[in-house]
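Given next are the chains, with one letter for each unit.
Number of protein chains: 2
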Amino acid sequence: MGTVIVDVMPKPEILDPQGKAVRAALPRLGLDGFTEVRQGKRFELTVDGEVTEEVLAQARQAAETLLSNPIIEDVVAITAVQECACGKGGCC
Amino acid sequence: MGTVIVDVMPKPEILDPQGKAVRAALPRLGLDGFTEVRQGKRFELTVDGEVTEEVLAQARQAAETLLSNPIIEDVVAITAVQECACGKGGCC
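These protein sequence lines map, in sequence, to chains A and B.
First residue of the first sequence: 1, per our numbering; consecutive thereafter.
First residue of the second sequence: 1, per our numbering; consecutive thereafter.
Simulated from the structure, these hints should not be mistaken for laboratory data.
Hints are all accurate, no fakes.
Same chains, same names: a pair is fine if it fits in one copy or spans any two.
List of simulated lysine to any residue pairs, SDA-like, C-alpha gap at most 25 Å:
| # | residue 1 | residue 2 |
| --- | --- | --- |
| 1 | 20 | 31 |
| 2 | 20 | 36 |
| 3 | 20 | 81 |
| 4 | 11 | 70 |
| 5 | 11 | 57 |
| 6 | 20 | 48 |
| 7 | 11 | 48 |
None of the values given here were measured: they were computed from a predicted structure.
In isolation and in its complexed conformation, chain A is listed as follows (with noise of 0.2 Å):
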């Protein structure tokens, strides 16, 4: 069994309200040691088998036309997690 990590951020040019208001928070937690959060998203697509070529290019194709919004959102990482024998991902 493997996954296909994707994740999409808001263009850089793009507000991001949610990332200011997580920003405006953590100095009221005594963070202080942060100038800017931008918050995104992070899909984590299964599949049965193997992580082959064939899913990574579905992947991609979901990732550009479902998963994010290319006006205002960039796909900034697709990766492939393969589970190993210990059961657990990535590890080998």
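Model the placement of chain B on the given structure of chain A, informed by the hints.
Leaving out everything else, chain B in the frame of chain A:
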């Protein structure tokens, strides 16, 4: 300038209707390779200087208190990305 990336996903026992909606939409686009979809959040926390141990500790605290709801969500990864001389993050 560095960045800390915080990934938050719904706990496995949580229903995740957004992920289910994506899962149901994929075959309608001809993308039938996926058995399950989960949707979570991805935060990019920017710092002025380097990502030090103190910054990472602050990011961990933010992740557990502000960026996730520990009753229904797991913080699945906290990753430091240092910006290098070439201007791109994470390449060296």
